[in-house]
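Asks: Here are the chains, one letter per residue:
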Amino acid sequence: MALSRAASSPSRAALLKPLAAAISSSLFRRSISTDTTPITVETSVPFTAHRCEAPSRTVETTAEELVGFFRTMALMRRAEIAADSLYKAKLIRGFCHLYDGQEAVAIGMEAAITKKDCIITAYRDHCIYLGRGGTLLDVFAELMGRQAGCSKGKGGSMHFYKKDAGFYGGHGIVGAQIPLGIGLAFAQKYKKDESVSFALYGDGAANQGQLFEALNMAALWDLPAILVCENNHYGMGTAEWRAAKSPAYYKRGDYVPGLKVDGMDALAVKQACKFAKEHALKNGPIILEMDTYRYHGHSMSDPGSTYRTRDEISGVRQERDPIERIRKLVLSLDLATEKELKDIEKEVRKEVDDAIAQAKESPMPDPSELFTNVYVKGYGVESFGADRKEVRAVLP
Amino acid sequence: MATSAAQRFGRRLASSVPRRRFSSSAAAAAAAATGGSAVQRTQNPSLNLCSAINQALHIALDTDPRSYVFGEDVSFGGVFRCTVGLADRFGKGRVFNTPLCEQGIVGFGIGLAAMGNRAVAEIQFADYIFPAFDQIVNEAAKFRYRSGNQFNCGGLTIRAPYGAVGHGGHYHSQSPEAFFCHVPGIKVVIPRSPSQAKGLLLSCIRDPNPIVFFEPKWLYRLAVEEVPEHDYTLPLSEAEVIREGTDITMVGWGAQLSVMEEACLDAENDGISCELIDLKTLLPWDKETVEASVRKTGRLLISHEAPVTGGFGAEISASIVERCFLRLQAPVARICGLDTPFPLVFEPFYLPTKNKILDAIKSTVNY
Numbered sequence: 001m002a003l004s005r006a007a008s009s010p011s012r013a014a015l016l017k018p019l020a021a022a023i024s025s026s027l028f029r030r031s032i033s034t035d036t037t038p039i040t041v042e043t044s045v046p047f048t049a050h051r052c053e054a055p056s057r058t059v060e061t062t063a064e065e066l067v068g069f070f071r072t073m074a075l076m077r078r079a080e081i082a083a084d085s086l087y088k089a090k091l092i093r094g095f096c097h098l099y100d101g102q103e104a105v106a107i108g109m110e111a112a113i114t115k116k117d118c119i120i121t122a123y124r125d126h127c128i129y130l131g132r133g134g135t136l137l138d139v140f141a142e143l144m145g146r147q148a149g150c151s152k153g154k155g156g157s158m159h160f161y162k163k164d165a166g167f168y169g170g171h172g173i174v175g176a177q178i179p180l181g182i183g184l185a186f187a188q189k190y191k192k193d194e195s196v197s198f199a200l201y202g203d204g205a206a207n208q209g210q211l212f213e214a215l216n217m218a219a220l221w222d223l224p225a226i227l228v229c230e231n232n233h234y235g236m237g238t239a240e241w242r243a244a245k246s247p248a249y250y251k252r253g254d255y256v257p258g259l260k261v262d263g264m265d266a267l268a269v270k271q272a273c274k275f276a277k278e279h280a281l282k283n284g285p286i287i288l289e290m291d292t293y294r295y296h297g298h299s300m301s302d303p304g305s306t307y308r309t310r311d312e313i314s315g316v317r318q319e320r321d322p323i324e325r326i327r328k329l330v331l332s333l334d335l336a337t338e339k340e341l342k343d344i345e346k347e348v349r350k351e352v353d354d355a356i357a358q359a360k361e362s363p364m365p366d367p368s369e370l371f372t373n374v375y376v377k378g379y380g381v382e383s384f385g386a387d388r389k390e391v392r393a394v395l396p
Numbered sequence: 001m002a003t004s005a006a007q008r009f010g011r012r013l014a015s016s017v018p019r020r021r022f023s024s025s026a027a028a029a030a031a032a033a034t035g036g037s038a039v040q041r042t043q044n045p046s047l048n049l050c051s052a053i054n055q056a057l058h059i060a061l062d063t064d065p066r067s068y069v070f071g072e073d074v075s076f077g078g079v080f081r082c083t084v085g086l087a088d089r090f091g092k093g094r095v096f097n098t099p100l101c102e103q104g105i106v107g108f109g110i111g112l113a114a115m116g117n118r119a120v121a122e123i124q125f126a127d128y129i130f131p132a133f134d135q136i137v138n139e140a141a142k143f144r145y146r147s148g149n150q151f152n153c154g155g156l157t158i159r160a161p162y163g164a165v166g167h168g169g170h171y172h173s174q175s176p177e178a179f180f181c182h183v184p185g186i187k188v189v190i191p192r193s194p195s196q197a198k199g200l201l202l203s204c205i206r207d208p209n210p211i212v213f214f215e216p217k218w219l220y221r222l223a224v225e226e227v228p229e230h231d232y233t234l235p236l237s238e239a240e241v242i243r244e245g246t247d248i249t250m251v252g253w254g255a256q257l258s259v260m261e262e263a264c265l266d267a268e269n270d271g272i273s274c275e276l277i278d279l280k281t282l283l284p285w286d287k288e289t290v291e292a293s294v295r296k297t298g299r300l301l302i303s304h305e306a307p308v309t310g311g312f313g314a315e316i317s318a319s320i321v322e323r324c325f326l327r328l329q330a331p332v333a334r335i336c337g338l339d340t341p342f343p344l345v346f347e348p349f350y351l352p353t354k355n356k357i358l359d360a361i362k363s364t365v366n367y
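Protein chains in written order, with my numbering: chain A, 1 to 396; chain B, 1 to 367.
Just to be clear, a hint being listed does not mean it is correct.
[Said to hold, decoys possible] The calculated label-pair distances, taken between Cβ atoms and stated as ranges, are: (1) Leu100/B - Ser305/A: 41 to 47 Å; (2) Gly116/B - Glu324/A: 39 to 45 Å; (3) Thr40/A - Gly116/B: 53 to 59 Å.
[To be verified] DSS-like, lysine-lysine: derived pairs with alpha carbons at most 30 Å apart: (4) Lys287/B - Lys192/A; (5) Lys116/A - Lys92/B; (6) Lys287/B - Lys362/B; (7) Lys116/A - Lys90/A; (8) Lys88/A - Lys116/A; (9) Lys245/A - Lys116/A; (10) Lys339/A - Lys328/A; (11) Lys362/B - Lys282/A; (12) Lys339/A - Lys115/A; (13) Lys191/A - Lys362/B; (14) Lys192/A - Lys88/A.
None of these hints come from the bench; they were simulated from the model.
Where is the CB? At the ideal position from N, CA and C, for every residue including glycine.
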């Protein structure tokens, strides 16, 4: 491929630039690099370690991976913005928690692990689901409560699952998914299949008692569990310093090693997750604190501006945005042109719009679905509606 | 009488000393009934409820390599010795102690079950189950529903000893079944005797739904009966008429049934014929059996140890009134625990004792 090269050969890059421009304007629309030659990049800031040796700041990546990061994160961002509009148009009902700003965590984690590894998270789950290979149609259909949704329209925003990709889902109660993740890790350890579980929680959930119950069990039994604290600095509307005596979440496992990671840098996240997986398989649990930021409010009823300044948000957007970071990297390494990246964003936008249109076509679940999946069929279950005489379903 | 009682609960001793002293060797009971040849006649050993549970757990672990038993102190046998010998036989990888953290234990169990395993979690006392309430109600019960059947934790069974023991006091005597009966997605099961406990526990472990299994701890050592040695299960959501009668239907579960049985016997002396039903599964419960019985007798009495207000008796009462309004000849009677914290020194006053039930039987029949 014409545009691909190792970062260490700037002269060649300069030489090939005119060619690139020529190709992109010609019939060959896709001239973006898909090269897989290794490129090495430094992470934005060093890792801070607790009871372990921090991994190197030098991350190995490829042109293909970087452009892929850009594309997937742009897609996630666009999907979340679209979900926002759909919510305001009342096409999405119930609760909805958006992930924009935190995309690098989902993408970097995915780059370091396989689908045999499990991920379990809380309710901010749309992008984790996309990262695990879910489709936009699954997402929007689920958000709008349609049959084509990943949980057949019965879960909604907070309950996305993908069994074939080891995504154990979105859970609605703050912190309640963490001990489940420890159970997953136990099963993995027992099976000896060299896989690990990532249990994600926020800085708000970091103050939950069950986190410490889970940590203790994981450490006691050396389980391959990675506890990922996505620290977006606000537990709902409460700043971390108002809620936590020690906001150094990577240290709060005490006897469990921890690593603080720039969660806005996809490559740093990837490096940390790779390190954590190796660590967890050898030595048991580890905490990864991802320093990240959510642009939206906690949920749709939170404008997100009453407990923080607009300057703070725009400051993060300008200086730390995970997509912009990758855009700059791709441009500086000359892996694609600015126009090509813009085109990717346009494509992504169209994909999202198409998926929404398609999702709207999907019918609502059949009313009888109200009664299904409460218990396994065939076990003598009976469910009633509001009028016990009129609406009654006896499951076979 | 001795034979039929033996079939129901294990044998009640004829002596009237302590309350609920209703069981001894079932073989002896049978011997009394058949004139002394029973010991040769039967090969099923007599077991107490604790040993029956232990046997069920052995079978569960033996028949499914993906089953696990864990909880506080279980690898040492547990406080009630129900898990004795399991760790030695099946290894510390499958039978293990957890830290003292009920919320974590149940959450861990849900995760383990979500991977397709059978997780049998022990909560040491039903009174300690409340920290895990969120995990049971919000995580376990709804997992299948909210994931559109992709995931479930049907392999999860939570065992917890419940109920009075005579001196347990405030935090070792409660009967919290009603809290869980309000949660579609889980099942709630309570056995009344050793052979029932074994069959029902095995059903629960193998049922593809998460289940809370409350064990009547007063009966752990007190109830003894013949328990078949082989692997067997008993159907869930099926109530059993354990004593037929014509004048009044009495519904109960677990240890309370033995108290109700005593009241039935006394009522019989006064010429009242009582039908006694063991509900066994409280959620989803067998309305048909209770309904059929009330249609026959025209009267209903429900008894449980938990406080009367908001107890599961209220649900039974409401459902039966809906279904049998015109057949009822008297108000439904609920003889239950009082609306107080479970007391220490006042336990005999708090409990729905035989005489309270007997009074209620008489006043319902003579209404």
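Asks: Give a verdict on every hint.
Replies: Hints versus structure:
The given range of 41 to 47 Å is respected by Leu100/B and Ser305/A, whose C-beta atoms sit roughly 43 Å from each other. At roughly 43 Å, the beta-carbon separation of Gly116/B and Glu324/A lies within the given 39 to 45 Å, and the hint holds. Between Thr40/A and Gly116/B the beta carbon distance is about 41 Å. The supplied range of 53 to 59 Å is therefore violated. Distance check on the hinted pair: Lys287/B and Lys192/A sit about 46 Å apart at the alpha-carbon level, beyond 30 Å; violated.
For the suggested pair Lys116/A and Lys92/B, the alpha carbons sit about 26 Å apart, so the restraint of at most 30 Å is met. Between Lys287/B and Lys362/B the CA atoms are separated by roughly 25 Å; this keeps the pair inside 30 Å, and the hint holds. Distance hint between Lys116/A and Lys90/A is unfulfilled; the C-alpha atoms sit about 37 Å from each other, more than 30 Å. Restraint check: the Cα-Cα separation between Lys88/A and Lys116/A comes to about 37 Å, which exceeds 30 Å; the hinted pair is violated.
Only pairs whose Cα atoms come within 30 Å are accepted, and Lys245/A paired with Lys116/A is rejected, the gap being roughly 36 Å. Between Lys339/A and Lys328/A, the direct Cα distance comes to roughly 13 Å. Compliance with the 30 Å bound is thereby established for this hinted pair. This hinted pair does not check out: Lys362/B and Lys282/A have alpha carbons roughly 70 Å apart, beyond 30 Å. With a CA separation close to 33 Å, the supplied pair Lys339/A and Lys115/A exceeds the 30 Å bound.
Using a Cα cut-off of 30 Å, the hinted pair Lys191/A and Lys362/B is violated, with the two alpha carbons roughly 61 Å apart. For the suggested pair Lys192/A and Lys88/A, the alpha carbons sit about 47 Å apart, so the restraint of at most 30 Å is broken.
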